[in-house]
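**Q** Each chain, written out:
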Amino acid sequence: MNKRIIFGLVVILGMMIIALFAPFIAQQDPLEINHDARLEPPSINHLFGTDNLGRDTFSRMVYGSRISLSVGFIAVLISLGIGISLGGLSGYYGGKVDGVIMRLVEIMYCFPTFFLIMMIITFLGPSIVNVMIVIGLTSWAGLCRLVRAEFLTLRERDFVHSAKVQGVSDMRIMFRHILPNAMAPVYVSATLSIGGAILIESALSFLGLGVQIPNPSWGNILTSGKNYMDYAWWLTVFPGFAILFTVLSFNLIGEGLREVLDPKLREKRR
Amino acid sequence: MVEVDSIKKYFVKRNGFFTRDEKVVKAVDGVSFSIKKGETFGLAGGSGCGKSTLAKLITGILKPDEGTVSLNGAVDIVFQDPFGSLNPRMTIQEIVGEALYIRGKDKEEIEKRVRDSLRMVKLSDSNTLTKYPHQFSGGERQRIAIARALIHRPEFIVLDEPVSSLDVSIQAGILNLLKDLQQEHSITYLFISHDLRVVEFMSDVVGIMKEGSLVEVASAKDIYNSPKHEYTRHLIASIPTI
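Residue numbers (this note's numbering), protein chains in the order written: chain W, 1 to 270; chain D, 1001 to 1242.
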């Protein structure tokens, strides 16, 4: 088994357990303000210290993990849905359908994604649901091209021709015959995209366009901590590392999967 | 039974994005022939002569630019490469039974007919159904491809180089199986191969194809004993003798 995948999986599974059981793991209320315990350094009571309002940073980060992970997964699910359907149609039918969809992809590529997301969020109003949807709606272009390329080669395979001769419908050929054989690079790309989506969410929250205070997310803990960076390092170091390790883990899983699913290696095993 | 009337298929190749320099490949250039019920029409010719394109036109994988193909009843196809013609992500039951599944047959009937079909190609191991294609040898896979073609009882099967990628020792078994199936079920075949000896063994009528056209059509005997076209003589002369 691939070492990178194992490392990544351990970290991600740990994060997921923390996110799922947040109320049991976080001993303090993440929103409770305590003016007598402001900017306290890490201690037994407050593992990651407290912030400028005396809130427990550990509890806030535990709840913040829910945001990061759910944004990552849901945004990527949305972009998978769009990318696979458009890429599949494009590669399978070719011709005018392909032309229109590929122009659309090129248009998406023209926008600097992050600024596009910022602009849309500014119009729609910042909320975590909007962030998920907008990240999903703006990050499908690469996936679309990937799926299209796979469909282009697979539609010329004899098992697809055979299905056509037997009268199998286009829909069934696309989803039952071609898609399962096209998924390997999609898994890789999707895993890497989860890391990217988490990073975008953190950046948006950092800029005040994501999760709104007082609700915690890794990005906005970082924002409120940056004013106290000189004497309260725990407010920036812990959320910073949390983001780093989560994104790194997804990237390692993606890279590991790429290695495992590489078509050349696959040929050898067959 | 099968009527192919002056079909044409041209492919246009553009030599680069910014050029108007186009090259037209006449893959199939006005081919006509007919096959009687229960007979085998053998199609021979060198590589690149348009045999496989013709097979795709007849089975409807490609649409002809001109001309018509008329078939009485269902058609199916068996391809050259049994590694590429079976979906690696589907079980044998799903592969062979799909033609019935998409026509809404119920589960028991599909399973029964899949078993029948596999028995017809002499693959009757009881746990074949749940295995995947990569668990079989080349010859066995080609039998599975034939079983898939047989399942919806087609009157006409196009065999596009069905033994060319198999070991010589396995070829004879597949060819005899195809002949037996034809006799039992009076199936019509279009048998395509570049190997003239195999074509002679299988066919009633033989067509010789060159650069998209049929240059000679005659009974299997006549083709070998009194070839009329120069290219036919050339092909026969180049059969290696052992």
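Mixed in with the good hints there might be a few duds.
[What the hints assert, rightly or not] Result set (DSBU-like, lysine-lysine): computed pairs, CA atoms no more than 30 Å apart in a straight line:
hint	chain 1	residue 1	chain 2	residue 2
1	D	Lys1210	D	Lys1008
2	D	Lys1036	D	Lys1122
3	D	Lys1105	W	Lys164
4	D	Lys1037	D	Lys1221
5	W	Lys96	D	Lys1023
6	W	Lys164	D	Lys1112
7	W	Lys96	D	Lys1122
8	D	Lys1026	D	Lys1063
9	W	Lys164	D	Lys1221
10	D	Lys1063	D	Lys1210
The hints are simulated quantities; they were obtained by calculation from the structure and are not laboratory data.
**Q** Now tell me, hint by hint, if it's right for this structure.
**A** Hints and how they fare:
Among the hinted pairs, D:Lys1210 with D:Lys1008 is consistent with the structure: their alpha-carbon atoms are about 14 Å apart, no more than 30 Å. Only pairs whose Cα atoms come within 30 Å are accepted, and D:Lys1036 paired with D:Lys1122 is accepted, the gap being roughly 27 Å. For the given pair, D:Lys1105 sits about 19 Å from W:Lys164 by alpha-carbon distance, which is consistent with the 30 Å threshold. Between D:Lys1037 and D:Lys1221, the direct Cα distance comes to roughly 19 Å. Compliance with the 30 Å bound is thereby established for this hinted pair.
Proximity of W:Lys96 to D:Lys1023 is assessed by CA-CA distance (about 22 Å); at most 30 Å being required, the pair is judged to hold. The hinted pair formed by W:Lys164 and D:Lys1112 meets the criterion: a straight-line CA distance of about 24 Å does not exceed 30 Å. Under the criterion of a C-alpha separation no larger than 30 Å, the hint pairing W:Lys96 with D:Lys1122 is inconsistent with the structure, at around 46 Å. With a C-alpha separation of about 14 Å, the suggested pairing of D:Lys1026 with D:Lys1063 holds against the 30 Å cut-off.
Proximity of W:Lys164 to D:Lys1221 is assessed by CA-CA distance (about 36 Å); at most 30 Å being required, the pair is judged violated. Only pairs whose Cα atoms come within 30 Å are accepted, and D:Lys1063 paired with D:Lys1210 is accepted, the gap being roughly 21 Å.
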